[in-house]
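K.L.:
All chains should be built: construct the whole structure from the sequences, respecting the hints.
These are the residues of each chain, in order.
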Amino acid sequence: MNGRSAMSNAITMPPNPVASAQLEPFLADFRAFDSRQNGSEPLAVKQLRQAGIASLAATGFPSTRLEAWRLTDIDPILQGHYQHPVAAPTVDAAALIPHRLAGCASLVLVDGHFSADLSDLSGLSEGVWAGSLAEALRHPELLALETLGRIARFGDPAQAFVALSTAFVRDGAYLQVAPGKAIERPIQVLMLASGGSTVSYPRNLFVTGAASQLTVIETFVSLNESAHFSCPVTEIAVGPAANVDHYRVQKENRAAHHVASLVLRQDQNSVFNSHSVMHGGALVRNDVVALLEAEGVSCTLNGLYVVSGKQRVDNQMLVEHAKPHGYSHELYKGILDEEARANFLGKIHVHPGAQQTDAVQANRNLILSKGAIAHSNPQLEIFADDVKCTHGSTVGQLDPDAVFYLRSRGIGQEAARSILTYAFAADIVERIKVPALRTDLESFLFNLLPEGDVVRQMAI
Amino acid sequence: MNTPILQISDLHAGLEDKPILRGLSLTVRPGEVHAIMGPNGSGKSTLAGVLAGREEYIVSGGSVLYKGQDLLEMEPEDRAREGLFLAFQYPVEIPGVSNTYFLRAALNAIRKHRGQPGIDPVNFIKLVRQKAAMVKMDEALVKRNLNEGFSGGEKKRNEIFHMAVLEPTLAILDETDSGLDIDALRSVAEGVNILRGPERAFVVITHYQRLLDYIVPDVVHVLVDGRIVRSGGKELALELEERGYAELEAQSRSENQPALAAG
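So the sequence lines, in the order shown, correspond to chains A and B.
Per my numbering, residue 1 is the first one in the first sequence, and the count goes up by one each step.
Per my numbering, residue 461 is the first one in the second sequence, and the count goes up by one each step.
Fair warning: there could be bad hints in the mix.
Calculated cross-link-like contacts (lysine-lysine; reagent style BS3-like; alpha-carbon spacing at most 30 Å) [unchecked claim]:
hint, chain 1, residue 1, chain 2, residue 2
1, B, K572, B, K596
2, A, K370, A, K323
3, A, K388, A, K251
4, A, K433, B, K603
5, A, K370, B, K603
Hints listed in this document are in silico derivations from the structure and should not be mistaken for laboratory results.
P.N.:
What follows is the structure, encoded as structure tokens:
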């Protein structure tokens, strides 16, 4: 069976001509892509991809009539003409240096393709498998094939980009930590857009065994200023009593479009902490789905977005508390300047029987200019009676009394505003446990804020 | 030493539609401690706010000279760098900003303004320890975030601690005594008394005479309806304690027909 015939069986086109026109370039790319794969992938992967494209074709891209996409304008993405690189282009290793995190192993993807040459996977402990997803899928002793696509689900119109990304699954980062094992040093998955108007669909899959420990940093960067589109999906299986620290840094160029999904599933008594930092991109959409499907899990999802100009950033969080004694804590903070816009939609869903759930969600936005707008929409859906759930959201400006207080002690106005802006972000910055990553973020903020040197003095 | 540190002449100021100070004049010379007393709404905090440069107050008349310069033309931070200090009635809680590091940044901003190099960390820590001990400030509070979670008394003590480190030329204490227990009140007063000297001056704004048992003023002024209606020696404070402000308020109003509301 070749790709083309499978396609024609699987795809039912939505009746709407606009929707069809939006889909067509992606379907054409799929046909070309599919024929190139030509039996080089396991059958299960091929089937998964076909399910992805069929789902996308059936639902079309999400319209703003869908609540989850009400405030995300995807037209700029759909109007882009993207090149889908067949193989990883050559990249000068020197260009990566500013983006590498000291003290971390690195797994480098160029336009979604694993590059062994650029990666440094030395010094990983026994019981850790780190490398290309495409390769891992061919190793029957690994859990890649049986886990892929089982965590990040699609089918619903709101999940169209998961379906799209899944249709083009080929490569990405695969990490597996054996039960009881811990990584020696954090692993940075460095995802590069090589330049040009490329589209990439990196697929990352991290599987951690019982009582294992993993620290992983996903970094998204562009190597030049051209507009490109990244549509990554990351799936994480957190094993029983495992401890996973996940970080994500989105610092692609100011023309980039980025629609990402992170879906994690936690097993009993596991701990998952995620910190997401977003300051790149023209349009950034991050969906995070936490499936707390076993008892006694702890899940922390923190984020910081710092946007200006005409940047758009949209964070959509869904925490599924399916079993008792779950703890989830979300804190997303945003700093918006100029005409930036941010949207936050956070849903906590407590299933029947998920007693003793303890869920906290907060979204705080600091608006630095008249033209910036933040929307915040926390939602609780609770179907159990013995739970503790709180949520809060704020959109506000710098407190003029605080600014005056600092000025009255001799601090200049610009510096006072910068100190308070940094202080707003500080509780997220302080929670970052990877030293090089924390230093990077601090430097970014000191460089961004006027009178950053005064702020630097105060933060050290 | 005859040049006044502060010379306020016929100052009129208030909020947008509300005149509060109506012709206030005050001269403070080096080495002096002036107490400003008065009933609620008489304009005590407005005076402090105008001197420190709070933007919400609008000055509609008169002048304020600070060390011979037009104070009202200066930005709040420049006033501070020139040695003016306001101890806030309600110090602001600022999460995420360390008390110590903030103080170092403030001190360095002032030193830079004077053409001095930034203080090195070792000397700064010594200075902080010494001043904290001087005002009996708990070292744990010194290291915490600025006023975050401090009790009312701790916040006021922190203001005096900042003052001790920054060593201002003119310090204005805006009701620093209100709500303090006797120990805190003594520490605040001690902080002021240690800093008292021929080069410096203090304006102590208070509603009660109590603080003046510990900080003995050179001059006491009574502020009613935005003007100083009486000035005298320290015994005036005791007299006010006994007789209250009612008499002076009534007198002020009969002189200012039609009657003015104490805003």
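K.L.:
Between K433 (chain A) and K603 (chain B), does the CA-CA distance stay at or below 30 Å?
P.N.:
22 Å, holds
K.L.:
Can you confirm whether the C-alpha distance between K370 (chain A) and K323 (chain A) stays at or below 30 Å?
P.N.:
It is violated: about 44 Å lies between the C-alpha atoms, which goes past 30 Å.
K.L.:
Sort out whether K603 (chain B) lies within 30 Å of K370 (chain A), counting only the CA atoms.
P.N.:
35 Å, violated
K.L.:
Check the hint pairing K572 (chain B) with K596 (chain B) against an upper bound of 30 Å on the C-alpha distance.
P.N.:
28 Å, holds
K.L.:
Can you confirm whether the C-alpha distance between K388 (chain A) and K251 (chain A) stays at or below 30 Å?
P.N.:
Answer violated: K388 (chain A) to K251 (chain A) is near 36 Å, above 30 Å.
Against the hints set out earlier in the document, violations occur for numbers 2, 3 and 5.
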